[in-house]
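A.B. asks: For reference, the chains in residue letters:
2 protein chains.
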Amino acid sequence: MPDIIDGNKISEEIHAELAAHLANISGRKPCVALVRVGDDPASISYVAKKSKVAAKIGIESRLNILPESTTQEQLDSLIDNLNADETVDAILVQAPLPKHLNEQATFNRVSAAKDVDGFSFANLGKLCQEDKSAFVACTPAGIIELIKRSGVETRGKRAVVVGRSLIVGKPLALLLMQKGIDATVSVCHSRSENLKQICKEADILIAAVGRPNTITADMVKDGACVIDVGINRIPCAEKKSGYKLVGDVDFESVAPKCSKITPVPGGVGPMTVAMLMANTVKSFFARSQK
Amino acid sequence: MPDIIDGNKISEEIHAELAAHLANISGRKPCVALVRVGDDPASISYVAKKSKVAAKIGIESRLNILPESTTQEQLDSLIDNLNADETVDAILVQAPLPKHLNEQATFNRVSAAKDVDGFSFANLGKLCQEDKSAFVACTPAGIIELIKRSGVETRGKRAVVVGRSLIVGKPLALLLMQKGIDATVSVCHSRSENLKQICKEADILIAAVGRPNTITADMVKDGACVIDVGINRIPCAEKKSGYKLVGDVDFESVAPKCSKITPVPGGVGPMTVAMLMANTVKSFFARSQK
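Protein sequences, first through last, are from chains H and Y.
Under this note's numbering, the residue at position 83 of the first sequence is numbered 99, and the numbers go up by one with no gaps.
Under this note's numbering, the residue at position 160 of the second sequence is numbered 176, and the numbers go up by one with no gaps.
Think of the hints as simulated: they come from the structure by calculation, not from any bench.
Keep in mind that a hint or two might mislead.
[What the hints assert, rightly or not] Below, in silico cross-link-like pairs of lysine-lysine (DSSO-like), each with a Cα-Cα straight-line distance of 27 Å or less:
(1) 195/H x 115/Y
(2) 212/H x 237/Y
(3) 260/Y x 25/Y
(4) 216/H x 115/Y
(5) 216/H x 260/Y
(6) 25/Y x 68/Y
For clarity, every value in this text was computed on a predicted model and none was experimentally measured.
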């Protein structure tokens with residue numbers, strides 16, 4: 017059986033490192049402004065989790081809750097205020113936004129210097145340029161940390177990313193091909209022919225599709241490292257909530273073939289929160305050195 | 017033998033389309049400011065070529081020549097003036113710059129709205145976001161035009177890009193994976209293991225390495241489309257100049273295996289100039305509609 021990459025444990029290590037880094041600061045704490053629009057249950061849960069982890073590390077979080085009926089102008093106005101607020105280091109607008117709001121325009125409105133989500137064009141462009149001052153999107157950054165801290169070799173190896181989203185697939189591909197990581201990167205998506213064959217070439221296979229059981233055992237090379245980014249809710253009568261979380265990978269059949277694999281939950285998920293905290297601390301120190 | 021993709025012919029078509037598009041404008045013409053620092057012979061030749069093509073299409077070009085000894089402050093000051101000049105639609109800083117100047121910082125200083133080279137973080141980030149208002153770097157944009165106008169199928173096909181530069185490899189990979197183009201994209205580089213095997217999987221193989229004879233016949237699948245981005249000067253006693261231009265592909269051995277292939281010179285090179293003109297015209301109309 018493979019090594020299970022324990023995202024909970026690795027994220028706890030990062031939290032402890034960040035807390036230690038903040039232990040000796042005087043004056044105000046780092047501050048992340050969390051923006052939630054509407055009452056999507058998953059968003060409520062994610063934002064609450066982020067607040068809780070922030071408090072544990074020594075980061076102040078300020079929760080800004082707007083009603084579902086919020087207009088683009090109202091949301092823009094809140095972001096402008098947070099951009100201008102000298103006591104706010106970091107701004108996170110929880111996705112998904114209600115359908116009548118423009119998500120990309122909203123992400124681009126966040127000041128690049130506070131865009132700890134890394135979704136603005138400014139930070140995406142700096143990531144292309146391999147500019148170390150960029151804020152890298154939290155899920156891709158978390159995947160790289162998981163890979164590095166699990167001792168997975170990347171240099172010259174074939175990484176296959178399934179999914180070309182702006183939130184995961186594209187920034188992750190840009191990270192994996194950077195100097196120092198040096199993977200040979202392939203990006204597959206819904207239009208790709210021969211998906212099975214391409215996945216089977218991967219030393220590192222990353223599934224970021226959002227559909228359960230997309231990656232099955234016949235698509236995985238013996239000894240591969242498999243990273244599962246999917247968080248899918250499927251009905252489950254045995255659970256009190258009525259659902260359970262599964263990834264994009266058919267874990268039971270795939271795991272026996274892998275050298276390493278991430279579980280869902282407890283793999284990539286907690287790393288996303290950890291990297292949000294790391295980006296907030298990075299912003300705090302960058303801004304305090306100005 | 018394969019179809020030779022004629023970059024000269026296709027670029028002439030684009031020039032004619034742009035000239036027709038400009039035929040009925042009244043008032044001032046579109047204007048591109050060309051900035052050259054020092055007297056690198058290749059740069060002199062590229063800038064002269066760009067001026068000549070611009071004149072033919074009906075675009076004004078203003079040549080700004082600075083001495084090799086120019087400081088970063090002096091170059092920045094010129095760019096700031098061009099950014100502010102309402103009669104300038106487009107700014108191109110010819111690379112390579114002398115070693116004492118910071119190329120990336122210079123590209124980033126050009127206003128995103130006039131950055132027809134597409135090398136600023138703002139335009140790279142917008143390319144990631146598939147924002148149609150972005151200026152896409154001219155060489156990758158030219159390659160996409162060559163592929164489209166040659167009737168090469170991209171949807172679901174495997175495109176392998178050899179080279180991960182900011183100027184070609186990365187933006188080209190982002191373009192090829194965009195919705196509507198839909199290729200499955202792999203990016204290889206100097207650290208890649210099994211380069212030969214990966215290249216051999218390509219339906220579309222793009223060489224952007226800058227080293228002659230990097231792609232040999234044993235690396236190419238029968239029937240592939242091969243795009244050669246390299247422009248390498250090698251000594252040649254038979255030429256009056258003492259050198260000749262060759263690409264990254266060993267054309268003689270590779271061509272018989274291909275369905276389509278670009279020559280060097282006369283393939284990608286002229287497309288880069290054509291796309292600079294297309295971006296200048298795009299900027300002109302975008303700015304005049306404000």
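A.B. asks: Could you check the structure against the hints above and give me the numbers of any it violates, in ascending order?
C.D. replies: 4 and 5
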